[in-house]
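Novice: Residue-level listing of the chains:
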Amino acid sequence: MPDATILVGAVAYDPKAVTIWEGIREHFRDQGVGMDFVLFSNYERQVESLLEGKIDIAWNTPLAHVRVRRRTGGKSVSLGMRDSDRDFRARLLVRKGSGIRSLKDLPGKTLAVGSRDSTQARILPLHFLRKEGVELDRLKLLAFDTDVGKHGDTGTSELEVLKALHDGRADAGTVGDLIWVIEQAAGHVDAARIEALWTTPGFDHCMFDAPPGADPGKCERFTRALMSMSWENPKHRRVLELEGLKQWMPPREEGYASLDEALDREEKR
Amino acid sequence: MTQDMMAAVAIDGGDLPLGGGLLALVRPALSLLQPGGQLAILSSDPAVREDLSTWCKVERHAYLGSELLEGGRLRHRVARGPLGVPESLGPGAPDRADPSTGFAPLGARVEPGGPAYPFTLLERDRVMPPEVKELYEQAVSSQWNAARDIPWAAIRPLPEALERALGQIMTFLAENELSALYVPSNFLPKIHPAFAATAMFLATQLNDEARHIEVFLRRARAPGVSSVTTSQSLLSLLLLGDFTEAAFLLSVLGEGTFLDLLKYIERFAPDEPTALLVQKARADETRHVHFGMSHVRHALSHDATLFGRLEAAVRRRAATMSSAAGVPAPIADALTILAAGGTDPRGVRRGHEAFRELLEMMHVNRVKRLETAGFTPDQAKTLSDLHTPNFM
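From first to last, the protein sequence lines are chains A and B.
Per the working numbering, the very first residue in the first sequence carries number 1; after that it's consecutive.
Per the working numbering, the very first residue in the second sequence carries number 1; after that it's consecutive.
No wet-lab data here; the hints were simulated from the structure.
Please read all numbers here as calculations on a predicted model, not as lab measurements.
Don't take each hint at face value.
Derived DMTMM-like pairs (lysine to aspartate or glutamate); straight-line CA-CA distance at most 25 Å [to be verified]:
no.	chain 1	residue 1	chain 2	residue 2
1	A	Lys16	A	Glu26
2	A	Lys235	B	Asp15
3	A	Lys96	B	Asp15
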């Protein structure tokens, strides 16, 4: 008889991943749903493990999600996302006094960007800038390739971008709107030195993925238990706060089209 | 009515960026609204449109859009989201307090979802007698200073036997007051802050005990003995787990009995400073007894089963006292010598009589206090007889 326990993979981008997943596992147990988790150190190995059937479900970044979609010909099963994963945007920030008033002023300037596998701090902002007609070859890229393999989860490269703007090493920089607003709300941004110039179109972020042909019973139990977490429940709230959401949402695919397009272009190069 | 007019509250954000001060205006304004209530924000910073909508997403408020005003300014509209809406605790102490309101003071607005605190004294009738605020006021206005308010310089050496007796008495008093400092401290962190009035009264009581310990030890020129009977008696107080039982045993029975003891010491005090310091300590102890009495009386009037539990507590405690020999010998002898004024046999006979009268007086007054608390005369007599020979 196959094991009824649902095995979920997640990447340990921070020690709090243990707290989060133990909290979710406890909630699943309260719901009568057997679940255990495996922590990976990078999304590449997690995706391989998912496609090899070693885990039932993977908690994936947008990059990992789109790779799973592409590798499975769109037959993978998307199970759910955070409310905060919807309508993500990236911001182009500029240092005041850099002389950049519009995207046309970018050539010749230094643009700080996040890790090469960060959707929000590098892949998509550069993709959208290119679509706006910005010739990226004419910019000096100051890249912060920190925590590669974790797809920007740690936010360290975005903080590096902000730091480079603050101390004048960069004229412009790209970060996700979430970290931009959170850093502002926390009082960490000097509004006299940095301002937002431009915003990318929206895109979606993380997703729970199951491989093609996944056990429908497991998928159903997983989403049912997941969606029953509530912000107003103190036990749930602690986990939800750590994971950065207020409510789990059903999946949707349209928010990944731009990333898919950006990966197409990568492959053609 | 147009949607636009529905924004009941409007703020002028000037040219403040979101992270440059605007949130300090937006957040407090939103916190005054009910979920769904709308806030209009005027701003001339063009980045605010994107930043505000992302911030609303993070905080689960709804960004409803913006309109261009004359002069290029934007008027943004935000509806307060449904999450994290604080609930008002109300101005008065509740019948039963909620452990998840933590240290939020009465009257505060508390966000939902906070952790539960390990407070276990949650019922007003068991924690906060109606007189507590008045007693706190009294305590605050009756504080005195051990160094300044006693004329220490007027103390002269006493004949050796009397000095030793007084040293024994003062050592005994300090030992008992140390227990009176520690026992309420056990319960203070268990009191829900909705009943902070009681915690604050206990704080004055602890301060009183500290001052008493200071003056008693200062007056003890010859150190006395700490007896096993005293030690057993005070340990049985320290180990009490129930606040009302502790108030009953410590304040009603123990400190109540101490009032008679202090009056006796004052009466036979060998000098004015000693009489004064004991008199001042007794004034404080009277307040502690008053609080203990009102606590127990109030609790008993709301829960008749408490009579049996308090009686059982007295019996349990009596069972832990191994010695049936009565008042610890060092303190019994010292009180006799004090009343005798020395070691002359005729004086000692009088001192012995006075000491026997003291024990009788303690019993009579304990019975009165127990009856006032609501016990029957028979119950009161039994409980008084079972009370520790250590007085406290």
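Novice: The structure should be examined with respect to each hint, and the outcome stated for every one.
Specialist: Structure-based check of each hint:
Between Lys16 of chain A and Glu26 of chain A, the direct Cα distance comes to roughly 15 Å. Compliance with the 25 Å bound is thereby established for this hinted pair. The hinted pair formed by Lys235 of chain A and Asp15 of chain B fails the criterion: a straight-line CA distance of about 41 Å is larger than 25 Å. Under the criterion of a C-alpha separation no larger than 25 Å, the hint pairing Lys96 of chain A with Asp15 of chain B is consistent with the structure, at around 15 Å.
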